[in-house]
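Dock chain Y against chain F, hints included.
Protein chains in written order, with this note's numbering: chain F, 1 to 397; chain Y, 1001 to 1397.
Derived by calculation from the structure, the hints in this document are not laboratory data.
There may be inaccurate statements among the hints.
Restricting the straight-line Cα-Cα distance to at most 25 Å, the calculated cross-link-like pairs of lysine-lysine (BS3-like) are [what the hints assert, rightly or not]:
no., chain 1, residue 1, chain 2, residue 2
1, Y, Lys1170, Y, Lys1135
2, Y, Lys1133, Y, Lys1068
3, F, Lys129, F, Lys58
4, F, Lys263, Y, Lys1263
5, Y, Lys1170, F, Lys35
6, Y, Lys1170, Y, Lys1109
7, F, Lys35, Y, Lys1035
8, Y, Lys1170, F, Lys25
9, Y, Lys1084, Y, Lys1109
10, Y, Lys1035, Y, Lys1068
11, F, Lys25, F, Lys129
12, F, Lys135, F, Lys65
13, F, Lys170, Y, Lys1025
14, F, Lys25, Y, Lys1025
15, Y, Lys1065, F, Lys35
16, Y, Lys1035, F, Lys25
17, Y, Lys1035, F, Lys170
18, Y, Lys1086, Y, Lys1035
19, F, Lys35, Y, Lys1025
A few chain Y residues that don't get close to chain F, going by computed Cβ distances all over 12 Å [unchecked claim]:
no., residue
20, Leu1085
21, Val1092
22, Lys1129
23, Ala1136
24, Val1169
25, Glu1197
26, Gly1233
27, Glu1273
28, Thr1350
29, Glu1357
30, Pro1384
Note that beta-carbon positions come from the ideal geometry of N, C-alpha and C, so glycine has one too.
Number of protein chains: 2
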Amino acid sequence: MRKGLTKDTSSDINLRDDVNEQLQKLEEEVRRYRKLLEVSASFQSEMDIDQLLPLIIKRATESVKAEKCMVYIYNPDKGVLWTKLKGNAHTVMIPHNQGIIGWVFNNNKPYIVADVYSDSHFDPSVDAKVDFKAKAVAVFPLCNRRGKPIAVFEAINRVGGGEFQSEEVKFLMMVAHQIGIAIENALLYTELLSTFESFIDVMAFTIDAKHPISRGHSRRVALYAKGIAREFGLSDDTVEKIHWAGLLHDYGKISVPDSILQKAGKLDDEEYEQIKRHALMTYRILSRIHFSRYMRDIPLIASEHHERWDGKGYPFGKKDEQIPLGARIIAIADVFDALTSFREYHSPMTFAEAREEILSERGKMFDPRVVDAFIRYYDKELDPYKLRQTLWKSMGK
Amino acid sequence: MRKGLTKDTSSDINLRDDVNEQLQKLEEEVRRYRKLLEVSASFQSEMDIDQLLPLIIKRATESVKAEKCMVYIYNPDKGVLWTKLKGNAHTVMIPHNQGIIGWVFNNNKPYIVADVYSDSHFDPSVDAKVDFKAKAVAVFPLCNRRGKPIAVFEAINRVGGGEFQSEEVKFLMMVAHQIGIAIENALLYTELLSTFESFIDVMAFTIDAKHPISRGHSRRVALYAKGIAREFGLSDDTVEKIHWAGLLHDYGKISVPDSILQKAGKLDDEEYEQIKRHALMTYRILSRIHFSRYMRDIPLIASEHHERWDGKGYPFGKKDEQIPLGARIIAIADVFDALTSFREYHSPMTFAEAREEILSERGKMFDPRVVDAFIRYYDKELDPYKLRQTLWKSMGK
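Chain F with its partners taken away, still in its complex shape:
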């Protein structure tokens, strides 16, 4: 380009115009790319779809030349495209074959239009649902790794009026691509997490099926352990982990013969030894599960709930801080539920009696600080009326 420069003034000025225009275009392009990278980085850091969706809508609206951006996610079970308005306050559902949104989803093609009200695919009831009057829109399918649509991205009303321009559409497509990746990852993560939770739920259910008289024991122990752990001041993640360990703590009973587990009379020494083996079996079986790094101590927490603070427990006779904190918490939750439930060998105590019983083992069977947390939790949450509400809620899910 420099070679072609001429001394002639008028063509010089034309050249300057050209060059300036080119500079401006490139600067605009660089600005867009920077924005795109910044926006995309902010999406990648969020895996919870309920948090991600409003974040995407907010950041996309800030970055493109449109009054508002919307993202609709496909729910294959209900056959609808859904979004949330004003954070998480209000969910909007659109049948997957309705309006421009539905057309884009079903045809897996972008749709750019200057005035939706003169467009045959437009469905004005969507405007009513999202409480926003659209005119010009640019709508794009968001695809998963295999190129199948999983959501729809819509830019509504070009800032400055008129139809979205070709450069703007190109940029919107790049934004849409990044949003698609972020949504797919979040959906995948959410789905795998549900799978994880449901497996633990089935394992808790399995123990119930094995030992019907203690039905619901694993769930109640998990609930109590969660309450004590929270009262103890542990982090949300750790509380959740102890909850899971609580659900699984008796899993080793799967290997104890029915005849022993369900025996109404007193167990002989041999039978008692077999029962005691369940703690070790819980450890052995749970160790086969590939827990992620952070949850890797679940087998230990779940299986050492029969160790005692004074070292007289089983299977190892560990004492005080040698026993994982989670196991010391589950130990109290376990005994509290055993005392207050029907069993083959005793009638249930009242909650208040069981509270005294736990207190009397402070520093003997149980870690004194965990007993203190239990008492605080009991006094706040475990009086029978509050408990009934809590249990109903936890069973209903």
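Quick look at chain Y alone, frame taken from chain F:
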């Protein structure tokens, strides 16, 4: 800028030089951003870390001004940073505290150096391991969502010689950021998949613990079902799904009392009804698991393995194509293993006898086309010598 234009020729030329330089810089920047987006899109489509790693190394090396790029992933169990050379052929491990790679990982800071051989952190043994002589390097930590290093990215030997320039380093950092996201997602996905598989493994183990005489039954049925499904010509994904359903097909037995399940003599009608309930219980229990969309029919496939092609099976008396194909496959695998194993009520048949037994039920108990696939699979894989090898392999994992 146009305002300041002057007629003076020499300053005009200076201006043209300035403008041209600016244009070139912007063009270069746009080129880089385009490349970055393209490279990053290619990373996002791969979730298998063993496929992703060589892809990253290849695409990154094409995109930056370096002779070679390397990525080292942290393995927290072994305390090493590992990579693979030449696709998947050769794994290199570096202790996490060794050399420049280790320094960058531990300090979570980039490290740019013109000549590594005069650098105090450099460890020449790494060069020997990767069979590549480094001079100038730019090394960056790759972080997860929480900002913790999970891997290291290294650009080796600037093309054109000398130290990596500040613009290049900026670009390398952006590339590193995208690589970090892709690696974290792949690791997360791989981890959750392992978790999923290990839960199914524990459930299969649980059935064994409940009914010791049939130990290994679930695994063998899963193995046979996989072989038949593959011979039937099903896709890899479907074969895998049938394998999982095979592992879980007897899970409902968890609700049958030991005394009935392990009874050596003939069952009375009531007891037989209780045994038959296990098929329905398999369905009920597995339905509690949140399987991903593609795997959602596992409960059905697993639970209908006692339905018969001629409609005389249980629990529903479904017939022919009403029964899911996967269940028709597991039905044959289940009977073949029952016939060839010790049970409370019979001694095992030889494999050849069981083959004839299956064949005699073609079109009666079993789908004729599935029987044909079973026979082909049997003749290829199930003669005793081959089978022993296969079982050893599958048990050894």
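Structure-based check of all given hints:
1. Restraint check for Lys1170 of chain Y and Lys1135 of chain Y: satisfied, since their Cα atoms lie roughly 20 Å apart, inside the 25 Å limit.
2. Restraint check: the Cα-Cα separation between Lys1133 of chain Y and Lys1068 of chain Y comes to about 10 Å, which is no more than 25 Å; the hinted pair holds.
3. Distance hint between Lys129 of chain F and Lys58 of chain F is fulfilled; the C-alpha atoms sit about 19 Å from each other, no more than 25 Å.
4. Proximity of Lys263 of chain F to Lys1263 of chain Y is assessed by CA-CA distance (about 19 Å); at most 25 Å being required, the pair is judged to hold.
5. Simply put, Lys1170 of chain Y and Lys35 of chain F have alpha-carbon atoms about 16 Å apart, close enough for the 25 Å limit, and the pair holds.
6. For the hint linking Lys1170 of chain Y to Lys1109 of chain Y, the alpha-carbon distance of about 14 Å falls within 25 Å, and the restraint holds.
7. Restraint check: the Cα-Cα separation between Lys35 of chain F and Lys1035 of chain Y comes to about 16 Å, which is no more than 25 Å; the hinted pair holds.
8. Between the alpha carbons of Lys1170 of chain Y and Lys25 of chain F the distance comes to roughly 22 Å, so the proposed pair stays at or under 25 Å and holds.
9. About 23 Å separates the Cα atoms of Lys1084 of chain Y and Lys1109 of chain Y, which keeps this hinted pair within 25 Å; it holds.
10. Annotation: proposed proximity of Lys1035 of chain Y to Lys1068 of chain Y holds, straight-line Cα distance about 17 Å (limit 25 Å).
11. At roughly 38 Å between alpha-carbon atoms, Lys25 of chain F and Lys129 of chain F are farther apart than 25 Å, so this suggested pair is violated.
12. A distance of roughly 14 Å separates the Cα atoms of Lys135 of chain F and Lys65 of chain F; the hinted pair therefore holds under the 25 Å criterion.
13. At most 25 Å may separate the alpha-carbon atoms for a hinted pair to count; Lys170 of chain F and Lys1025 of chain Y meet this at roughly 22 Å.
14. Taking the CA atoms of Lys25 of chain F and Lys1025 of chain Y, the gap is near 13 Å; set against the 25 Å cutoff, the hint holds.
15. The suggested pairing of Lys1065 of chain Y with Lys35 of chain F holds, with an alpha-carbon distance near 24 Å, which does not exceed 25 Å.
16. With a CA separation close to 18 Å, the supplied pair Lys1035 of chain Y and Lys25 of chain F stays within the 25 Å bound.
17. Using a Cα cut-off of 25 Å, the hinted pair Lys1035 of chain Y and Lys170 of chain F holds, with the two alpha carbons roughly 16 Å apart.
18. A hinted pair counts as satisfied when its Cα atoms are at most 25 Å apart, and Lys1086 of chain Y with Lys1035 of chain Y qualifies at roughly 24 Å.
19. A distance of roughly 18 Å separates the Cα atoms of Lys35 of chain F and Lys1025 of chain Y; the hinted pair therefore holds under the 25 Å criterion.
20. At the 12 Å boundary, the C-beta of Leu1085 of chain Y stays outside the reach of chain F, the nearest C-beta of that chain being 27 Å off.
21. Every beta carbon of chain F lies more than 12 Å from that of Val1092 of chain Y, the smallest distance being close to 23 Å; the non-interface claim holds.
22. Against the 12 Å criterion, Lys1129 of chain Y stays outside the reach of chain F, whose nearest CB is about 26 Å from its own CB.
23. At roughly 26 Å from the closest C-beta of chain F, the C-beta of Ala1136 of chain Y stays outside 12 Å, upholding its exclusion from the interface.
24. The Cβ of Val1169 of chain Y lies farther than 12 Å from every Cβ of chain F, with a closest approach of about 16 Å, so its non-interface assignment holds.
25. Distance to chain F contradicts Glu1197 of chain Y as a non-interface residue, since its nearest Cβ pair spans about 7 Å, not more than 12 Å.
26. Every beta carbon of chain F lies more than 12 Å from that of Gly1233 of chain Y, the smallest distance being close to 22 Å; the non-interface claim holds.
27. Remark: the non-interface label on Glu1273 of chain Y is consistent with the geometry, its nearest Cβ contact in chain F lying 17 Å away (cut-off 12 Å).
28. With a least beta-carbon separation of about 32 Å from chain F, Thr1350 of chain Y lies farther than 12 Å from that chain, consistent with its non-interface assignment.
29. Distance check on Glu1357 of chain Y: its Cβ is at least 33 Å (rounded) from any Cβ of chain F, clearing the 12 Å threshold; non-interface status holds.
30. Consistency note on Pro1384 of chain Y: stated as away from chain F, and its beta-carbon is indeed over 12 Å from all of that chain's, at 29 Å minimum.
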